[in-house]
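Colleague: In the order they appear, the protein sequences are chains A and Y. Residues in the first sequence are numbered from 0 upward in steps of one, following numbering that gives the first Met the number 0. Residues in the second sequence are numbered from 0 upward in steps of one, following numbering that gives the first Met the number 0.
There may be inaccurate statements among the hints.
To be verified - One side of the interface only, derived from the structure: several residues of chain Y facing chain A at Cβ under 7 Å: (1) Ile1; (2) Gln24; (3) Glu32; (4) Asp37; (5) Thr39; (6) Arg48; (7) Asn52; (8) Ile59; (9) Gln62; (10) Val66; (11) Phe146; (12) Pro148.
What the hints assert, rightly or not - Derived DMTMM-like pairs (lysine to aspartate or glutamate); straight-line CA-CA distance at most 25 Å: (13) Lys228(Y) to Asp3(Y); (14) Lys228(Y) to Asp28(Y); (15) Lys29(A) to Asp94(A); (16) Lys29(A) to Glu191(Y); (17) Lys90(A) to Glu26(A); (18) Lys91(Y) to Glu106(Y); (19) Lys91(Y) to Glu187(Y); (20) Lys228(Y) to Glu26(A); (21) Lys91(Y) to Glu191(Y); (22) Lys29(A) to Glu187(Y); (23) Lys29(A) to Asp15(Y); (24) Lys228(Y) to Asp55(Y); (25) Lys228(Y) to Asp15(Y); (26) Lys29(A) to Asp28(Y); (27) Lys29(A) to Glu51(A).
Because the hints were derived from the structure by calculation, they are not lab data. All C-beta atoms in this analysis are idealised placements derived from N, C-alpha and C, irrespective of residue type, glycine included.
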Amino acid sequence: MLKGHLDMIVLAALSAAGPAHGYAVIEEIKRRSGGAFDLPEGTIYPALHRLEQAGLLRSSWMTADSGRRRRVYTLTRTGNRALVERRAVWKQFSDAIGDLLGGTRPRENPA
Amino acid sequence: MIPDYLERLERELSFDRPLSRCVRQEVEDHLWEAVAADSTGNTLQAQRRAIANFGDARAIAAQFAMVSLARHSRRAGVAAVLIIAGVFIAMKARLAWYAAAQWVISEDMRAIGGLVGRIDRYAFWLSVIIGLGGWIYIRSRQIPAAFCPVYRSQLRRFFLLCSATAAALVVSVISDGVLTALLLHGTEMSAEFMIPIVSMTIEIGCVGIFVLQIRRVTQRAASTAALQKI
Numbered sequence: 000m001l002k003g004h005l006d007m008i009v010l011a012a013l014s015a016a017g018p019a020h021g022y023a024v025i026e027e028i029k030r031r032s033g034g035a036f037d038l039p040e041g042t043i044y045p046a047l048h049r050l051e052q053a054g055l056l057r058s059s060w061m062t063a064d065s066g067r068r069r070r071v072y073t074l075t076r077t078g079n080r081a082l083v084e085r086r087a088v089w090k091q092f093s094d095a096i097g098d099l100l101g102g103t104r105p106r107e108n109p110a
Numbered sequence: 000m001i002p003d004y005l006e007r008l009e010r011e012l013s014f015d016r017p018l019s020r021c022v023r024q025e026v027e028d029h030l031w032e033a034v035a036a037d038s039t040g041n042t043l044q045a046q047r048r049a050i051a052n053f054g055d056a057r058a059i060a061a062q063f064a065m066v067s068l069a070r071h072s073r074r075a076g077v078a079a080v081l082i083i084a085g086v087f088i089a090m091k092a093r094l095a096w097y098a099a100a101q102w103v104i105s106e107d108m109r110a111i112g113g114l115v116g117r118i119d120r121y122a123f124w125l126s127v128i129i130g131l132g133g134w135i136y137i138r139s140r141q142i143p144a145a146f147c148p149v150y151r152s153q154l155r156r157f158f159l160l161c162s163a164t165a166a167a168l169v170v171s172v173i174s175d176g177v178l179t180a181l182l183l184h185g186t187e188m189s190a191e192f193m194i195p196i197v198s199m200t201i202e203i204g205c206v207g208i209f210v211l212q213i214r215r216v217t218q219r220a221a222s223t224a225a226l227q228k229i
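This is chain A alone, in the form it adopts within the complex (with noise of 0.2 Å):
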């Protein structure tokens, strides 16, 4: 289930960490989800590469105070976009979702 959404978790890590490497976005995912989503931590950067592809993230080689160097992502316009579309699809899942569980009314179609 959470491979299904790893992209919108990468998106999101990254839109509240601001420009962020692949240890920091993992780090930034633990933090905001209180350690729930205990996934290996090496299927982010596969994740990363390929958001990087589909122009939803950027990157840029530094170095790192280490002196190793250092890939840092941020997330561009289309990521940005892509990433509010995302989360209004998921906040209609999970309230329809909530509804069913909790048994309330259902809500009238808008349309």
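Starting from the known structure of chain A, fit chain Y onto it as the hints suggest.
Modeller: Leaving out everything else, chain Y in the frame of chain A:
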């Protein structure tokens, strides 16, 4: 311990050298940062934990292979468009040269020349339509996290479009070769021959590069599929 893990990851990604080098640097930074953040103070234990948290090298490589395959497929789509443009420019340059030098096909060969010219035209425009279609198709596909059946069939469709483009281009280039031979037939060898010969070489080279691109994508698809079988 971390260097061994990085070696393994790099080996698994050896089908894409630039990617493997880039991933190695990124993962190295991640693992050493995780070791530095470990509060136990035992470096060996910390390295072991960092690697375990990162995940199996082959599984990670399989996910990167998918990203690499998608990138190369998209690149092949762009290559199709550029190569068609290259063939078009070489063709037009040759025709302009024929017009400037006032070279025409001899009267007895004109009927064959007309037929070959029509085949050339249809084959070329067919390659333009299919090539553009292939590029738009692969560009509009989403890159999945895994080499799923849906993406496999999308890639198969793209491969068919690329093969059809290459086949149409081959027909067009062969027709160009025949037309060039008809024009040069009976003409005395001179330095002016260089222009049509060079432009034909460019066309043949363009088609060769495109065929190699298609082959590279199929090879990458095979290695990605192999990596998925963990």
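Colleague: None of the hints should be skipped; say for each whether it holds.
Modeller: A quick look at each hint next to the structure:
1. Ile1: Since the shortest Cβ distance to chain A is 12 Å, the answer is violated.
2. Gln24: 5 Å, holds
3. Glu32: 5 Å, holds
4. Asp37: 13 Å, violated
5. Thr39: 18 Å, violated
6. Arg48: For Arg48(Y), the interface hint is violated, since the closest Cβ of chain A sits about 11 Å away, which is over 7 Å.
7. Asn52: 5 Å, holds
8. Ile59: 4 Å, holds
9. Gln62: 4 Å, holds
10. Val66: 5 Å, holds
11. Phe146: 12 Å, violated
12. Pro148: 16 Å, violated
13. Lys228(Y) to Asp3(Y): 22 Å, holds
14. Lys228(Y) to Asp28(Y): With a Cα-Cα distance of about 28 Å, the restraint between Lys228(Y) and Asp28(Y) is violated, given a limit of 25 Å.
15. Lys29(A) to Asp94(A): 24 Å, holds
16. Lys29(A) to Glu191(Y): 71 Å, violated
17. Lys90(A) to Glu26(A): 24 Å, holds
18. Lys91(Y) to Glu106(Y): Roughly 23 Å between the alpha carbons, so the hint for Lys91(Y) and Glu106(Y) holds.
19. Lys91(Y) to Glu187(Y): 23 Å, holds
20. Lys228(Y) to Glu26(A): 30 Å, violated
21. Lys91(Y) to Glu191(Y): 16 Å, holds
22. Lys29(A) to Glu187(Y): 78 Å, violated
23. Lys29(A) to Asp15(Y): The hint is violated at about 31 Å.
24. Lys228(Y) to Asp55(Y): Given pair Lys228(Y), Asp55(Y) holds - Cα atoms ~13 Å apart, limit 25 Å.
25. Lys228(Y) to Asp15(Y): The given pair, whose Cα atoms are some 18 Å apart, holds under the 25 Å limit.
26. Lys29(A) to Asp28(Y): Holds, at about 19 Å.
27. Lys29(A) to Glu51(A): Measuring from Cα to Cα gives roughly 22 Å; hence the hint holds.
Comparing the model with each earlier hint shows violations of hints 1, 4, 5, 6, 11, 12, 14, 16, 20, 22 and 23; every other hint is respected.
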